[in-house]
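Trainee: Single-letter residue listing:
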Amino acid sequence: METKNLNEVIKEVYNGTIITVKKVIPLDPNIGSPQLISPPLTVELGVLVGFTGEIKGELILQAKENVFSHIGEKMFGMPLSQEMLDSFAGELGNMIAGSLSTYLASVEISTDITYPTVLKGNAQLTGFKRSFFVTIEYENIGKVEVYLLLNQ
Amino acid sequence: MARILVTDDAAFMRMQLKNIFTSLGHEVVGEAENGKIAIDLYNELKPDLVSMDITMPEMNGVEAVKEIKKNDPKATIVMCSAMGQQQMVLEAIQAGAKDFIVKPFDQERIQQALGKILS
Chain A
498 METKNLNEVI KEVYNGTIIT VKKVIPLDPN IGSPQLISPP LTVELGVLVG FTGEIKGELI
558 LQAKENVFSH IGEKMFGMPL SQEMLDSFAG ELGNMIAGSL STYLASVEIS TDITYPTVLK
618 GNAQLTGFKR SFFVTIEYEN IGKVEVYLLL NQ
Chain B
13 MARILVTDDA AFMRMQLKNI FTSLGHEVVG EAENGKIAID LYNELKPDLV SMDITMPEMN
73 GVEAVKEIKK NDPKATIVMC SAMGQQQMVL EAIQAGAKDF IVKPFDQERI QQALGKILS
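Those sequence lines, one after another, are chains A and B.
Its first residue numbered 498, the first sequence is counted upward by one per residue in our numbering.
Its first residue numbered 13, the second sequence is counted upward by one per residue in our numbering.
Among the clues, some could well be false.
To be verified - SDA-like mimics (lysine to any residue), calculated; alpha carbons at most 25 Å apart, straight line:
| # | chain 1 | residue 1 | chain 2 | residue 2 |
| --- | --- | --- | --- | --- |
| 1 | B | Lys78 | A | Asp609 |
| 2 | A | Lys520 | B | Val101 |
| 3 | A | Lys571 | B | Gln119 |
| 4 | A | Lys571 | B | Gln124 |
| 5 | A | Lys571 | B | Val114 |
| 6 | A | Lys520 | B | Asp111 |
| 7 | A | Lys617 | B | Pro69 |
| 8 | A | Lys519 | B | Asp118 |
| 9 | A | Lys553 | B | Gln98 |
| 10 | B | Lys30 | A | Pro537 |
| 11 | A | Lys561 | B | Leu36 |
| 12 | B | Lys110 | A | Glu580 |
| 13 | A | Lys571 | B | Asp118 |
| 14 | B | Lys48 | A | Thr611 |
| 15 | A | Lys501 | B | Gln97 |
| 16 | A | Lys626 | A | Lys520 |
| 17 | A | Lys640 | A | Glu580 |
| 18 | B | Lys30 | A | Asp583 |
| 19 | A | Lys520 | B | Lys48 |
| 20 | B | Lys110 | A | Ala602 |
| 21 | A | Lys508 | B | Gln98 |
| 22 | A | Lys553 | B | Lys30 |
| 23 | A | Lys571 | B | Met71 |
| 24 | B | Lys30 | A | Glu570 |
| 25 | B | Lys30 | A | Tyr612 |
| 26 | A | Lys553 | B | Met71 |
Claimed, not checked - Covered stretches of chain B (chain A as the covering partner; in silico rule of three or more C-beta atoms under 8 Å from a C-beta of chain A):
| # | segment |
| --- | --- |
| 27 | 49-58 |
| 28 | 79-93 |
Stated by the list, open to error - Residues of chain B placed beyond 12 Å of chain A at every Cβ, according to the derived structure:
| # | residue |
| --- | --- |
| 29 | Asp20 |
| 30 | Leu36 |
| 31 | Val41 |
| 32 | Lys115 |
| 33 | Arg121 |
| 34 | Ser131 |
Hints were generated in silico from the structure; no laboratory data involved.
Each residue gets a CB set at the ideal place from its N, CA and C atoms; glycine is no exception.
In isolation and in its complexed conformation, chain B is listed as follows (with noise of 0.2 Å):
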């Protein structure tokens, strides 16, 4: 079981993205609404694993990547987006998530994903 913060603006994919963290078996410690909340709520929960969108107000999904991984660089953090352009992927993977989730996602998609990053 892991510890997964959520990081979505859209209250409606938090809830989404819950369910499907919970009834996979995980435990979700964590909500945020941008990428800074994130970044506050990364290091005061310290959470096996992060899933974080890219457009979001305040602070974009990607520079909250680079700078929780600039805190912690062994940070686990999963990508998911309605942008999927290859530029996009790329930008997120050198930034140091371990994948790259598009919208609209399955729970079978979110299953794959963390079979493989958290086995």
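Chain A on its own, in the form it takes in the complex (with noise of 0.2 Å):
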């Protein structure tokens, strides 16, 4: 199998993105350019999921409480407790996640995830190379924001 280059990469993950959060949550979503962020990277609310294989780095998914209860009562139909809502908050991550690794295997690009971890309270993030965001907007509900920081 012949391996890409990180610009390779990051395209198909930036594409993939796009596809993966249109197949998962099941809204109309405005889609922003990528664009770069230099460390640190500050976390009010997200989720963190590791990327190893050919990919070393992590997906962060960051977005208002207000936002991640819209999207889980939009997916499975009914508002959720503080306590559930956390635990939607990973799985939308493990979801999102767990989709892009699927798509990435069908360009050749062979990662696994780890688990979710749920980010509160402004948790600081340094120590990666290089990372871009993009901002999926949705229409009265508000912004999800996906970050991929890579180590590689």
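Assembly of the complex is requested from the two constituent chains, each provided in isolation within its own frame, with the hints serving as guidance.
Mentor: So, in structure tokens, the structure goes:
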């Protein structure tokens, strides 16, 4: 199998993120262009899922509590309690990262994911080499930011 | 009606699966948050069916399937995971899983899988 260079990998991750988010979240999104950021990344409320294999890094999903709540209600047809909301946020991260990993396998980029960690209270993330993020906006609900932090 | 053990590290997903299984007329007899607990609960409860996530702390779902099948080759296990790539599906089926449901799923997909396995 031919190993893809980093730019090709980043392009596939961006394409895959858009396809995956549209597949997992049953809402019509406006998707922004990818933007670069520098460390540190501060996360008020989000989910972190680690990637291993041909991509080494983390995927972070960040949104306000009411946005996670709206998405959960839309996907599962009922309002979520606070405890279930945290668990749902983790599961949403798992579903998006898992679907992204599945998409990447289809373009011959082999990855595995870790179980999700919910981040709260302005967690600061540093130590990554490069990162980009994309904003996904849902009309009348709010935005979800998807970050990819690469350690390679 | 089947007696079902639900395995997933997310409480939210266990609740969803429990709601679906119950509304389809089955009984959820246990809930496990990782593969190790699933093995212990399987031995204790001897359920008719196990739903098994893959990416979990302590022990992943594929390892748990292998252990459960080692102790009880007749165990009926359905994977329920966000990781749908061919290699992952193949590994789970080779370990002894009867079906592979990719998250997110709906009640129809669960009903279809159970209909096939339990008939």
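Trainee: State for each hint whether it applies.
Mentor: Status of the hints after comparison with the structure:
1. Note on Lys78/B and Asp609/A: the hinted pairing holds, with a Cα-Cα distance of about 19 Å set against a maximum of 25 Å.
2. Pair hint Lys520/A plus Val101/B holds up; C-alpha atoms about 19 Å apart against a cutoff of 25 Å.
3. For the given pair, Lys571/A sits about 15 Å from Gln119/B by alpha-carbon distance, which is consistent with the 25 Å threshold.
4. This hinted pair checks out: Lys571/A and Gln124/B have alpha carbons roughly 23 Å apart, not beyond 25 Å.
5. Pair hint Lys571/A plus Val114/B holds up; C-alpha atoms about 19 Å apart against a cutoff of 25 Å.
6. Between Lys520/A and Asp111/B, the direct Cα distance comes to roughly 21 Å. Compliance with the 25 Å bound is thereby established for this hinted pair.
7. Distance hint between Lys617/A and Pro69/B is fulfilled; the C-alpha atoms sit about 20 Å from each other, no more than 25 Å.
8. Taking the CA atoms of Lys519/A and Asp118/B, the gap is about 16 Å. The hint holds against a cut of 25 Å.
9. A distance of roughly 21 Å separates the Cα atoms of Lys553/A and Gln98/B; the hinted pair therefore holds under the 25 Å criterion.
10. Between Lys30/B and Pro537/A, the direct Cα distance comes to roughly 40 Å. Violation of the 25 Å bound is thereby established for this hinted pair.
11. Restraint check for Lys561/A and Leu36/B: the C-alpha separation of about 34 Å exceeds 25 Å, so the hint is violated.
12. Under the criterion of a C-alpha separation no larger than 25 Å, the hint pairing Lys110/B with Glu580/A is inconsistent with the structure, at around 32 Å.
13. The suggested pairing of Lys571/A with Asp118/B holds, with an alpha-carbon distance near 13 Å, which does not exceed 25 Å.
14. Restraint check for Lys48/B and Thr611/A: satisfied, since their Cα atoms lie roughly 17 Å apart, inside the 25 Å limit.
15. Restraint check for Lys501/A and Gln97/B: the C-alpha separation of about 19 Å stays at or below 25 Å, so the hint holds.
16. The straight-line distance between the Cα atoms of Lys626/A and Lys520/A is roughly 29 Å, outside the 25 Å bound, and the hint therefore fails.
17. For the proposed pair Lys640/A and Glu580/A, the alpha carbon gap of about 22 Å is at most 25 Å, so the pair holds.
18. Between Lys30/B and Asp583/A the alpha-carbon distance is near 18 Å, which keeps this suggested pair within the 25 Å criterion.
19. Restraint check: the Cα-Cα separation between Lys520/A and Lys48/B comes to about 31 Å, which exceeds 25 Å; the hinted pair is violated.
20. Taken as a hint, the Lys110/B and Ala602/A pair is honoured in the structure, with Cα atoms around 23 Å apart against an allowance of 25 Å.
21. Proposed proximity of Lys508/A and Gln98/B is supported: the alpha carbons are some 22 Å apart, at most 25 Å.
22. Between the alpha carbons of Lys553/A and Lys30/B the distance comes to roughly 35 Å, so the proposed pair goes past 25 Å and is violated.
23. At roughly 31 Å between alpha-carbon atoms, Lys571/A and Met71/B are farther apart than 25 Å, so this suggested pair is violated.
24. For the proposed pair Lys30/B and Glu570/A, the alpha carbon gap of about 17 Å is at most 25 Å, so the pair holds.
25. For the hint linking Lys30/B to Tyr612/A, the alpha-carbon distance of about 21 Å falls within 25 Å, and the restraint holds.
26. Annotation: proposed proximity of Lys553/A to Met71/B holds, straight-line Cα distance about 21 Å (limit 25 Å).
27. A stretch counts as covered by a chain when three or more of its residues have a beta carbon under 8 Å from one of that chain; for the segment 49-58 of chain B and chain A the count is 0, and the coverage is violated.
28. Taking a C-beta to C-beta cut-off of 8 Å, the segment 79-93 of chain B contributes 1 residues in contact with chain A, too few for the three needed, and the coverage statement is violated.
29. Residue placement check: Asp20/B does not keep its beta carbon more than 12 Å from all beta carbons of chain A (closest about 8 Å).
30. With 12 Å as the threshold on Cβ separation, the claim that Leu36/B sits away from chain A holds: the shortest Cβ distance comes to roughly 16 Å.
31. Non-interface status of Val41/B relative to chain A is upheld: no Cβ of that chain comes within 12 Å, the nearest being about 21 Å off.
32. Annotated as non-interface, Lys115/B brings its C-beta within 12 Å of a C-beta of chain A; the closest such distance is 5 Å.
33. Against chain A, the non-interface label of Arg121/B holds: every CB pair exceeds 12 Å, the least being about 14 Å.
34. Every CB of chain A is more than 12 Å from the CB of Ser131/B (nearest about 28 Å), matching its label as outside the interface.
Comparing the model with each numbered hint stated earlier shows that hints 10, 11, 12, 16, 19, 22, 23, 27, 28, 29 and 32 do not hold.
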